[in-house]
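Q: Chains as they are written, first to last, in this note's numbering: chain A, 3 to 414; chain B, 2 to 412; chain C, 320 to 634.
Derived from the structure by calculation, the hints contain no laboratory data.
A couple of the hints might just be wrong.
Short, incomplete list of chain B residues facing chain C, as computed with Cβ under 8 Å [stated by the list, open to error]: (1) Met26; (2) Ile27; (3) Val128; (4) Gly297; (5) Trp358.
Just so you know, even glycine gets a beta-carbon here, dropped at the ideal spot from N, CA and C.
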Amino acid sequence: MKCALPGRAWLAAPVLAATLMTALPAWAETVKIAFIDPLSGSMANIGNLGYDHFRFMADRLNASGQMGDVKFEMIGLDNQTNPKESLVQLQKAIDQGATYVVQGNGSSVASALIEAIEKNNRRNPDHKVLFLNYAAVDPVLTNDKCSFWHFRFDTDSDMKMAIMTDYLVKQPDIKKVYIIGQDYSFGKAVSESARRMLKEKRPDIEIVGDELHPLGKVKDFSPYIAKMKASGAQAVITGNWGNDMTLLVKAAADAGYSVPFLTYYGGVAGAPAAIGKAGQDIVLQVSEYHNNIPDAELEALAADYKKQFNEDLYYYRVVTLMDMLAQAMKTSGSTDPEKVALALEGASEATPLGDVVMLPENHQLLQPMFVSIMTAGMPFDVEGTGLGFRTLMEIAPEATRQPTTCQMKRPG
Amino acid sequence: MTRFLTSAGLLPWLFFLAVLAVVPMIAGSSTAVTVASAAAVNVVFALSYNMLLGRGGMLSFGHAVYFGLGGYAAIYALRAIEAGWLPLPVAALPLVGFAGGLLAGAVLGWPTCRRAGTPFAMLSLGVGELIAAIALMFSGLFGGEEGIAGDRTAGPALFGVTFGQGQEVLILLLGWIFLATLAMWAFTRTPLGQMSLAIRDNPDRVAFVGYDPQRVRHRVFTVAAGFGGLAGGMAAINYEIITPDMLGLGPSGHVLVMTFIGGIGTFYGPIIGAALITTMQSLLPDYTTGWQFYLGALFVLMVMFQPRGVSGLVETVRQAIADGEVRERLPRWIRTVLAAVCLAGGGSIAFEMILRWREAEEPLELAGIPLMADGATGWVLAATLAVAGLALLRLKARRVAGGRLAEEVAR
Amino acid sequence: MLEVILFSTLNGLLYGLLLFMLSAGLSLIFSMMGVLNFAHASFYMLGAYVAFAIGVHAGFWTGLFLAPVVVGLIGCLVERFGLRHSHELGHVSELLFTFGLALLIEEVVKLIWGTQPVPYGDLVPAGLKAPLFTLFGIAYPGFKILVIGAALLLLVVLWGLLKKTRAGLMVQAALTHPEMVGHLGHNVPALFMGVFGLGCAMAAFAGAFGGALLVTEPGMATALGPIVFVVVVVGGMGSLPGAFLASLLIGLLQTFAIAVEVSVSDVLAVLGIDLSGSSDVGRITLAQIAPILPFLLLVGIMIVHPKGLMGVRES
Numbered sequence: 003m004k005c006a007l008p009g010r011a012w013l014a015a016p017v018l019a020a021t022l023m024t025a026l027p028a029w030a031e032t033v034k035i036a037f038i039d040p041l042s043g044s045m046a047n048i049g050n051l052g053y054d055h056f057r058f059m060a061d062r063l064n065a066s067g068q069m070g071d072v073k074f075e076m077i078g079l080d081n082q083t084n085p086k087e088s089l090v091q092l093q094k095a096i097d098q099g100a101t102y103v104v105q106g107n108g109s110s111v112a113s114a115l116i117e118a119i120e121k122n123n124r125r126n127p128d129h130k131v132l133f134l135n136y137a138a139v140d141p142v143l144t145n146d147k148c149s150f151w152h153f154r155f156d157t158d159s160d161m162k163m164a165i166m167t168d169y170l171v172k173q174p175d176i177k178k179v180y181i182i183g184q185d186y187s188f189g190k191a192v193s194e195s196a197r198r199m200l201k202e203k204r205p206d207i208e209i210v211g212d213e214l215h216p217l218g219k220v221k222d223f224s225p226y227i228a229k230m231k232a233s234g235a236q237a238v239i240t241g242n243w244g245n246d247m248t249l250l251v252k253a254a255a256d257a258g259y260s261v262p263f264l265t266y267y268g269g270v271a272g273a274p275a276a277i278g279k280a281g282q283d284i285v286l287q288v289s290e291y292h293n294n295i296p297d298a299e300l301e302a303l304a305a306d307y308k309k310q311f312n313e314d315l316y317y318y319r320v321v322t323l324m325d326m327l328a329q330a331m332k333t334s335g336s337t338d339p340e341k342v343a344l345a346l347e348g349a350s351e352a353t354p355l356g357d358v359v360m361l362p363e364n365h366q367l368l369q370p371m372f373v374s375i376m377t378a379g380m381p382f383d384v385e386g387t388g389l390g391f392r393t394l395m396e397i398a399p400e401a402t403r404q405p406t407t408c409q410m411k412r413p414g
Numbered sequence: 002m003t004r005f006l007t008s009a010g011l012l013p014w015l016f017f018l019a020v021l022a023v024v025p026m027i028a029g030s031s032t033a034v035t036v037a038s039a040a041a042v043n044v045v046f047a048l049s050y051n052m053l054l055g056r057g058g059m060l061s062f063g064h065a066v067y068f069g070l071g072g073y074a075a076i077y078a079l080r081a082i083e084a085g086w087l088p089l090p091v092a093a094l095p096l097v098g099f100a101g102g103l104l105a106g107a108v109l110g111w112p113t114c115r116r117a118g119t120p121f122a123m124l125s126l127g128v129g130e131l132i133a134a135i136a137l138m139f140s141g142l143f144g145g146e147e148g149i150a151g152d153r154t155a156g157p158a159l160f161g162v163t164f165g166q167g168q169e170v171l172i173l174l175l176g177w178i179f180l181a182t183l184a185m186w187a188f189t190r191t192p193l194g195q196m197s198l199a200i201r202d203n204p205d206r207v208a209f210v211g212y213d214p215q216r217v218r219h220r221v222f223t224v225a226a227g228f229g230g231l232a233g234g235m236a237a238i239n240y241e242i243i244t245p246d247m248l249g250l251g252p253s254g255h256v257l258v259m260t261f262i263g264g265i266g267t268f269y270g271p272i273i274g275a276a277l278i279t280t281m282q283s284l285l286p287d288y289t290t291g292w293q294f295y296l297g298a299l300f301v302l303m304v305m306f307q308p309r310g311v312s313g314l315v316e317t318v319r320q321a322i323a324d325g326e327v328r329e330r331l332p333r334w335i336r337t338v339l340a341a342v343c344l345a346g347g348g349s350i351a352f353e354m355i356l357r358w359r360e361a362e363e364p365l366e367l368a369g370i371p372l373m374a375d376g377a378t379g380w381v382l383a384a385t386l387a388v389a390g391l392a393l394l395r396l397k398a399r400r401v402a403g404g405r406l407a408e409e410v411a412r
Numbered sequence: 320m321l322e323v324i325l326f327s328t329l330n331g332l333l334y335g336l337l338l339f340m341l342s343a344g345l346s347l348i349f350s351m352m353g354v355l356n357f358a359h360a361s362f363y364m365l366g367a368y369v370a371f372a373i374g375v376h377a378g379f380w381t382g383l384f385l386a387p388v389v390v391g392l393i394g395c396l397v398e399r400f401g402l403r404h405s406h407e408l409g410h411v412s413e414l415l416f417t418f419g420l421a422l423l424i425e426e427v428v429k430l431i432w433g434t435q436p437v438p439y440g441d442l443v444p445a446g447l448k449a450p451l452f453t454l455f456g457i458a459y460p461g462f463k464i465l466v467i468g469a470a471l472l473l474l475v476v477l478w479g480l481l482k483k484t485r486a487g488l489m490v491q492a493a494l495t496h497p498e499m500v501g502h503l504g505h506n507v508p509a510l511f512m513g514v515f516g517l518g519c520a521m522a523a524f525a526g527a528f529g530g531a532l533l534v535t536e537p538g539m540a541t542a543l544g545p546i547v548f549v550v551v552v553v554g555g556m557g558s559l560p561g562a563f564l565a566s567l568l569i570g571l572l573q574t575f576a577i578a579v580e581v582s583v584s585d586v587l588a589v590l591g592i593d594l595s596g597s598s599d600v601g602r603i604t605l606a607q608i609a610p611i612l613p614f615l616l617l618v619g620i621m622i623v624h625p626k627g628l629m630g631v632r633e634s
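Make the full structure from the sequences, and use the hints.
A: As structure tokens, this is what we get:
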């Protein structure tokens, strides 16, 4: 075979040249918020849901007139849930003049973004960026890897575990608990914290199983269910998400195994529809919001949202995030990320769900939380399943607080 | 060195160098620098993949394993540099990646290369799955979901360059492209490199001559893994983070697509493919959420109608220029391009209309006219374009058939 | 203990037979045409989605039986207008074509049915979902027994088709002597198309069951695909009995591994090495790695016996 010459690489040049776009000038009045999450591929539905929430809130704040001549503009950037691609998209966001970044899907992405933003703010002091995290829950992000440039508005997985164990404290009949999770950092963190907290709060509970399985590789959970049943477990704690959770709950329903499944992601977008009737009276979730919390203001907001996007309001924390961001801009009298970050530290706000506060020591939001169960006969159902969530227990913000190892390095 | 350079002709190399030199000069915005850097990493990755597929005839579905493991080797070295006990300049990290990839290729390549052909493809897939799953399990070593991060500016400044700015990194990566390309080209000139062509074309013959095809495959595989690892080392410098999903099946499939679209029949094809697809992947999502469909469709159409990839088109044009046939071929080319544009236009209008209707997004607009899936305008336009494209193709086919007939009559 | 063995056997059998339904079609296509259909699991996915789409309007049973027909016809079209074209360009080209096809089918499925799972499982009649029997407190739904029965029936029918019918004999002859069969006046291309369609229909049949049993979503093909290839390679490329054996082996291996509580440090402790407490390696249990055991098996088989369990053909 005749090998052609590498010199023909000039063909690559126009392709590269096509990418050389110049940065748009940043308007002082327009605050650009880059939304970096999956907007294509298998996670697109979850990414789009988040994006819709942010657009909803940006429109709402712009229309309210409370921000004066400051206007919010959302820039949606698709990172394909990939840390590497996220860094490319972050650069694009900075080029387009974004000074705020919001992201939520994948702690790997969040961690990569924090690293990159720290470096950017050090290397390019003229264009600093602030990262507002709405759903990445790895505790490490507000502990060992905490950063001045990162604020988390979701309750982290350790705090959620504290809530689950508090719930178990109130269920004295439950004596045996089974833990199952995906074999990666998150699944392990869930297992570790569950063991630690149960030992502390309910030493009488026996952990009859602690199982890890490879992420997204199990097709049939029936053997696991058989094992759980044989162990006599009266409740199951799982950090599983996606198909790993759907298949787990379905296998339980098939085998007629109806004990409470305490989940992190039982109510997340797409999950109730995938689980369907199998989840009835089995799936419990820990969340800051569900649509059966009786409150006129919340119901009006959810109705507005549904009217605009034809989907259920899910991330109430996005509402909180945008409100607190707007508030911090007002108190600091600036849209500069550094000044806004300083104003966000220790900021508090009254929401229809209760008071929330942003802890200054590790940039973690404390907010009221709810344990709820998927059940029939509720006023509002989720994702057309005919089932809705009913509150079993409400937890005050302060009760979710966890000790932190964060040593915050503030600029200056 | 000079001998193989002259065997290729020095001119193309100078030209290649000039192109690489121009890239950082025209990359004005930092987005351009970032995309070009991502493309630079992929260029070396795709070239290393083509050592397997194009030259060795080995279709691997797990090449990212070596990219990722090389990347991990490099990121650990970077951390050692940060900690101060590894006296290595940051710029030399790709060499660490190369060593890591080489080692991983030598070990994992042994079971993988036991079989050739289709079983090899399946084995590479199995090994890829295995390593990807293991990487997630051993969070101590692979850093869990978050991976391992480093800081490329932590090392001692070399000639005042700290790699704090993207531009500096891009220049470094382009330098590595040149070195890696040169090295891979040199490899094709070695006896082993030549033998890899032979086992692709006729393994029985190789065995007859006295080489063990399995061993040749293994050695070629190991070298390709080494260069994959070198690309991983470049990724470690560029992204300053390596995560387990970099060695998964997704990136393995991705490098296959890049390489094939660029063209596996030529040495330079993968360079074009990597630059093209990386740019597509980073910029296309801004315009359509269905960009993966376009990538898949492009790939399938390429396999069916242009198996020599983009570089095959280049070669055809080059051949025509060499033969002085440009003038007579030009009308046919124009017709083909027109047909392709019509079909692609019609197809994508139809696809976008359905997609946007489904996702309840803003409708596609053409010259200010919204094209809706439930309206007739868009469908009529798409159908017209498709019919026009097909008609052009038919016209071409008939001309060709007519031409052949005329030839035969003349004979 | 008895209950664990019983349920592991039942679950392993079910999973293994589901794998067999898939790998049988793949193996048949491979032995006939020499092409490993990378998109085979995508036809499994199409089977589930088509069965769902039909089932919503015409009921579960209609969907279950019509989906294989529809997908089989799609398979014929793919062979006629796509695969045959790349067949002329060699095996690598064919494999690449089916690889691209898998990408494309996933995108088309997302375009038509969206990225979220569809509630296909809810279509299964309540009578089938109800427990057929309950042993040791664990219910076993009738639907699962139906899947086992259907897979066994498929095995018998396939065997009968190949061994007892004229078309089957022709297929068998074409496996080894395609030119000869062609010279005898049989239409080999049409035979190829038929076999490819049949293989796809079998995948769709498995999908119509599997989608209802597990979950129907756009990632289901990518999730199952690699395992099916493992089955075919481990069983020996192109060997139907080999595929059967490997399917059951992998099905049972995976379920039993979950049931057994052994960790790497336990094994090493027997050998006198103490690893407990240290690092990630020691804490790994057999149950934990169960889902990746097939891949370990694949690598192991390749080292020991590269032809696979019952392999006949080199490639």
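Q: Take the hints in turn and mark each one as holding or not.
A: Hints, one by one, checked against the model:
| no. | hint | in the structure |
| --- | --- | --- |
| 1 | Met26 | violated, 36 Å |
| 2 | Ile27 | violated, 33 Å |
| 3 | Val128 | holds, 6 Å |
| 4 | Gly297 | holds, 4 Å |
| 5 | Trp358 | violated, 10 Å |
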